[in-house]
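> Sequence:
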Amino acid sequence: MPYTKVYATAGRTPEQKQALMAAVHRGLVDGAGIPDWDKQIRLFEFGPDNMLLPDSDDYASYLLIEVTGYPRSLEVKRDLYASLVTQLETVGVDRKDTKIIYFDIQPDSWGVQGGRAGSDVAAEAAAGADTGWSAKY
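In this text, residue positions in the sequence shown follow this note's numbering: the first is 311, and each later residue adds one.
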């Protein structure tokens, strides 16, 4: 259940934005093993007057992706990074124009299911309770 923010340069059509977020979602599913139904992606756009980039970056396709989720191994993060850029290439974003940051957040730092600590819900799920939620994701 990672929460993902995509910071993009402005100028895409509504269809391109949906395709971009779908590519990010596929990258999360393929690279981090999250379930397909788990979609928590937000897209923020910035015009050229609100973003300063190195000259080497292509303004038109630049993306910064921030993924916030439970701690994962370096191996899983590597798979996730590779999967994200591979999926984004399918919608025209060059690998070199994509930056990814993964923020590890402990389960007790999440409020879920009506304000309960994620660690409490995860413990119940680990004990076999049908919580409809898993700390795995």
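The hints are simulated quantities; they were obtained by calculation from the structure and are not laboratory data. There could be a bad hint or two in this list.
[What the hints assert, rightly or not] If you anchor each label on the Cβ, the simulated ranges turn out as follows:
{"no.": "1", "residue 1": "Ala435", "residue 2": "Lys327", "range": "31 to 37 Å"}
{"no.": "2", "residue 1": "Asp418", "residue 2": "Gly438", "range": "16 to 22 Å"}
{"no.": "3", "residue 1": "Thr400", "residue 2": "Asn360", "range": "34 to 40 Å"}
We put the beta carbon where it would ideally sit given N, CA and C, even for glycine.
> Given a hint of 31 to 37 Å, does the C-beta separation of Ala435 and Lys327 actually sit inside it?
holds (34 Å)
> Per the hint of 16 to 22 Å, is the separation of the Cβ atoms of Asp418 and Gly438 within bounds?
For Gly438 against Asp418, whose Cβ atoms are near 21 Å apart, the range 16 to 22 Å holds.
> Taking the beta carbons of Thr400 and Asn360, is their distance inside 34 to 40 Å?
Given range 34 to 40 Å: violated, Cβ gap about 27 Å.
The structure shown violates just one earlier hint, number 3.
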